[in-house]
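Student: Given these sequences and hints, build the entire structure.
Basically the numbering used here = 1-based index in the sequence shown + 142.
There's no promise every hint is true.
[Said to hold, decoys possible] Simulated DEER-style distance windows between Cβ atoms:
#1 Glu-207 with Phe-153: 41 to 47 angstroms
#2 Ser-233 with Phe-149: 19 to 25 angstroms
#3 Arg-146 with Asn-203: 52 to 58 angstroms
Everything labelled a hint here was simulated from the structure, so no lab data went into it.
As the structure is a prediction and not an experimental result, all values here were calculated from the model.
The C-beta atom is built at its ideal place from N, Cα and C for all residues, glycine as well.
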Amino acid sequence: MSARLTFALVFLGLFLIVMYWMSTWNDNVVEGQIERVDIPQLLIESTESSEEVTLRVILINDQTEVTGIANSVQGLQSGQLVTIEVIPTESNLNIARTIEVTSP
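Tutor: Below you can see the structure in the form of structure tokens.
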């Protein structure tokens with residue numbers, strides 16, 4: 143009986159660890175629609191939750207790569223759907239590493 147209880151507790155603990163790891167998996171990815179382009183920053187309307195609108199400011203630097211329909215920062219326009227990978231920082235800055243434009 144003790145071995146079964148130990149196994150169940152270990153299994154439950156590992157399951158909770160995996161669930162936490164999966165919840166933090168895409169913390170560095172922002173998906174949404176460009177609301178405004180003011181280089182060196184973008185205003186993105188996040189599509190992560192359907193109930194409320196979330197606007198995020200994403201900073202662009204000279205190392206930001208743009209792929210997809212637009213091939214440069216100058217090709218970014220309001221209304222485009224984008225997937226942005228941000229550089230993890232200790233501050234609240236969202237600096238774009240890559241921007242993939244998925245639709246015009």
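Student: Each of the hints needs a verdict: does it hold here or not?
Tutor: Checked hints:
no.: 1; hint: Glu-207 with Phe-153: 41 to 47 angstroms; in the structure: holds (42 angstroms)
no.: 2; hint: Ser-233 with Phe-149: 19 to 25 angstroms; in the structure: violated (43 angstroms)
no.: 3; hint: Arg-146 with Asn-203: 52 to 58 angstroms; in the structure: holds (55 angstroms)
Of the numbered hints stated above, the single one contradicted by the structure is hint 2.
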